[in-house]
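Following the hints, complete the assembly by docking chain B onto the known chain A.
For the record, the sequence lines run as chains A and B. The numbering of the first sequence is my numbering, which starts it at 1 and goes up by one. The numbering of the second sequence is my numbering, which starts it at 1 and goes up by one.
Hints in this document: simulated from the structure, not taken from any laboratory. Heads up, some of the hints might be wrong.
[Stated by the list, open to error] Here are the simulated PhoX-like pairs of lysine-lysine, each with C-alpha atoms no more than 25 Å apart in a straight line: (1) B:K179 <-> B:K302; (2) B:K138 <-> A:K94; (3) A:K94 <-> B:K145; (4) B:K120 <-> B:K55; (5) A:K94 <-> B:K120; (6) B:K72 <-> B:K274; (7) B:K145 <-> B:K121; (8) B:K55 <-> B:K72; (9) B:K403 <-> B:K376.
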Amino acid sequence: MNAVSALAARSWANLRNEVLVLPSRIAVLVWALALLLLPLVWGDAYVMRVITMAAIFAIFAASWDLLAGYSGQVSFGHAIFFGVGAYTSALLSKHFDLSPWLTMPIGAAAAVLCGMLVGLLCLRMRGSYLSLATMSFPLILLGLLFALPELSGGELGISGVRRAVVSPVSNYYLAVVVMLASVFGIWKIGDSKFGLILHAIREDEVACRASGINTPRYKVLAFLLSASFAGIAGALFAHFMRLAGPSTLELALSFQVVIWCVFGGMATVYGPVLAVFILYPLTDFLGGFDLFRDVRLLVFAVIVLLVLLFMPRGLGPWLRDRAERVCPRCKSRNVFTRKQCRLCEAELR
Amino acid sequence: MKRGSLKLLGGLLALAFASACAAQNIKIAILGPMAFLQGENHWAGAEMARDEINKAGGIQVGGAKRQVELVKIDTNEILSVPDATNAIERAITRDKADVLIGGFRSEAVLAMQEVAMDNKKLFLGVGAAHSKLGVNVKENFERYKYWFRVAPTKDTDLARTVFAVLNTISEQMRRDLGKPEPKVAIVAEKAVWVEALLKAAQDTLPKMKMSVVGVWQPSATANDVTAELSAIKRAGADIVFTIVSGPMGIVLGRQMGELQLPAVAFGINVEAQKDGFWAATASKGNYVSTLDTYSEIEITPKTVPFVKAFKERFKRAPAYTAASYDAIMLYKDTVEKAGTIESDKLVPVIEKAAHTGTASVLTFDANHDPVFGPGKVTGIAVQWQNGEKVPFWPNNWNGVTYKGVRPIILPKL
Numbered sequence: 001m002n003a004v005s006a007l008a009a010r011s012w013a014n015l016r017n018e019v020l021v022l023p024s025r026i027a028v029l030v031w032a033l034a035l036l037l038l039p040l041v042w043g044d045a046y047v048m049r050v051i052t053m054a055a056i057f058a059i060f061a062a063s064w065d066l067l068a069g070y071s072g073q074v075s076f077g078h079a080i081f082f083g084v085g086a087y088t089s090a091l092l093s094k095h096f097d098l099s100p101w102l103t104m105p106i107g108a109a110a111a112v113l114c115g116m117l118v119g120l121l122c123l124r125m126r127g128s129y130l131s132l133a134t135m136s137f138p139l140i141l142l143g144l145l146f147a148l149p150e151l152s153g154g155e156l157g158i159s160g161v162r163r164a165v166v167s168p169v170s171n172y173y174l175a176v177v178v179m180l181a182s183v184f185g186i187w188k189i190g191d192s193k194f195g196l197i198l199h200a201i202r203e204d205e206v207a208c209r210a211s212g213i214n215t216p217r218y219k220v221l222a223f224l225l226s227a228s229f230a231g232i233a234g235a236l237f238a239h240f241m242r243l244a245g246p247s248t249l250e251l252a253l254s255f256q257v258v259i260w261c262v263f264g265g266m267a268t269v270y271g272p273v274l275a276v277f278i279l280y281p282l283t284d285f286l287g288g289f290d291l292f293r294d295v296r297l298l299v300f301a302v303i304v305l306l307v308l309l310f311m312p313r314g315l316g317p318w319l320r321d322r323a324e325r326v327c328p329r330c331k332s333r334n335v336f337t338r339k340q341c342r343l344c345e346a347e348l349r
Numbered sequence: 001m002k003r004g005s006l007k008l009l010g011g012l013l014a015l016a017f018a019s020a021c022a023a024q025n026i027k028i029a030i031l032g033p034m035a036f037l038q039g040e041n042h043w044a045g046a047e048m049a050r051d052e053i054n055k056a057g058g059i060q061v062g063g064a065k066r067q068v069e070l071v072k073i074d075t076n077e078i079l080s081v082p083d084a085t086n087a088i089e090r091a092i093t094r095d096k097a098d099v100l101i102g103g104f105r106s107e108a109v110l111a112m113q114e115v116a117m118d119n120k121k122l123f124l125g126v127g128a129a130h131s132k133l134g135v136n137v138k139e140n141f142e143r144y145k146y147w148f149r150v151a152p153t154k155d156t157d158l159a160r161t162v163f164a165v166l167n168t169i170s171e172q173m174r175r176d177l178g179k180p181e182p183k184v185a186i187v188a189e190k191a192v193w194v195e196a197l198l199k200a201a202q203d204t205l206p207k208m209k210m211s212v213v214g215v216w217q218p219s220a221t222a223n224d225v226t227a228e229l230s231a232i233k234r235a236g237a238d239i240v241f242t243i244v245s246g247p248m249g250i251v252l253g254r255q256m257g258e259l260q261l262p263a264v265a266f267g268i269n270v271e272a273q274k275d276g277f278w279a280a281t282a283s284k285g286n287y288v289s290t291l292d293t294y295s296e297i298e299i300t301p302k303t304v305p306f307v308k309a310f311k312e313r314f315k316r317a318p319a320y321t322a323a324s325y326d327a328i329m330l331y332k333d334t335v336e337k338a339g340t341i342e343s344d345k346l347v348p349v350i351e352k353a354a355h356t357g358t359a360s361v362l363t364f365d366a367n368h369d370p371v372f373g374p375g376k377v378t379g380i381a382v383q384w385q386n387g388e389k390v391p392f393w394p395n396n397w398n399g400v401t402y403k404g405v406r407p408i409i410l411p412k413l
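Chain A with its partners taken away, still in its complex shape (with noise of 0.2 Å):
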């Protein structure tokens, strides 16, 4: 009794002073108690399809801006490692009728794989040769499929695939938390020591590697990362959608996740997260308008075009700068309000 009143008032004690003192934190935990609770209080079946779509995406979102935002590697071919999660869960589910709390695992674990063998093919090529290279992947990988037709379904693709959960609420939830617990678990490696050495490998490879580190170990690790989480959003797809087609290895899908982080803001885990949960049912709910149904991907583009234009750095972090202020001395954040640090007191200009 004594321990789990400890464990309480230490919890209370981490809420209180670490996320209920920055406006930042306070959104994100609004954001997921209301993901959480909103089938229990509206239980609209469109909504959570949309919301379960755009939690899937959130996920891929998160993993791009885990190797292009962290490490420096813009991918430009990173639907494949989605598409592999997706056709490997739905291959074995539909051939070998294995359960899709099996299935989805391999196939993030097929997609680690793809994710070595891009990483170690690219790793002597940097900027926009890698981007290049990478985005010649997916569509290798589709010339693959196409041509064994009797395994892939040619371009129709893999259907009928088992649903790991029935009904709509299930699957809202199962994305949802998957999502939240992805999405943790980048910003963790974000924000940890191989987080920081990935940062630096991105503003500076040659003085990495002269300060003794292993600069092509983590840059493959962050292609096997990235790669994981992009194949756990592809098997969650297949599963909710019933499908894998060509359709999740299209250089489209590659380019919107591109999209969304820069919409969102690069190397901050949070920025792409909010960029698939704003524009996503932005442009499916305007789709459901006579006014903009046929206008629906102007309007995406000029917000997006609008938002670079006035937050060249994106959203998330043009938002955080206006609700928090960093302390010029101990980089700490506090909330704009604040006249001094909360942490070393010094005054906040």
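Showing chain B alone in chain A's frame:
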């Protein structure tokens, strides 16, 4: 104050009356890529059906007549499969559609089919040709029984139509030109969808006493195919069998005319189905022929009036997705027969239906696919002759000749 209250009460009553009337309407969701030609035709065909039905008082459901209300659902399926599933979910759960009609891209329609079946909602497919959609019904009838394909005919039947027309052309060549074994050059765009048909052609044509002189696969967006056509000319081809959906179809027609290639082009050429083909080829696309769905010929007694009315209203000929008209009319007949709009009760009625539509007489097989054959669904073939798209097939095919077909013209070989 009193007058104001009366006005308010009157307004509320009017609003309540309008809501009650709207609640009585039958909501039909028209699903399609509305920014593309296919979606536009889905919607245009549906508008024609709606206006016709509502003008006649509506659909008789039990003892009451109910008006048709269309709900336009942009699936955006050509660009995004998830968008399509969200759209159909919205149609079912938000817009409360009573029936779903449309769809185009097979991969997206498969995903949409799942959502519709989850909700046990009747889904009349107009646009996707892949046989898998019907196979699902056979493999798991209880789940997929709400799916029916109205148009087009499924992909395997499409191939049967192509070979039937090719056979007619080759017979005419044997008879009129004394060529016992016409030579066929296959031009298929570089794309995945052509592969099954390409393989079938290579296997089947020799059995039909036609020799294949070669296969050429330019890009679907190629803007010059003179190299391919020169090679085809040297190979002495009598027939250019086209499997083309992209803009290369225009280039092929124009350059065949420029090179005065002594061969007739037939097959699938989506661009040649469009009204603007002749102008796009700078009047050089003579003799180019293709499969099509609508023309001013009597496929059924309803075809010519429908095509004429469509042209008059929309200033263009209907494309195959305008068969949403047939789907709505089939739905109307079914509901009136069953006396209900409940999907479960409509399924057995549609299974037994023999609906005379504008493009075919619709009957359904065990897969809920339209039955192909004489007197049922056949499709038609058209040829460009001096700026006019002339229907030439079926002409005495298994006893079927549609009133209004004219002979195909073979270029001077």
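(request) Would you list, in rising numerical order, the hints stated earlier that this structure does not obey? (result) Numbers 1 and 4, in rising order.
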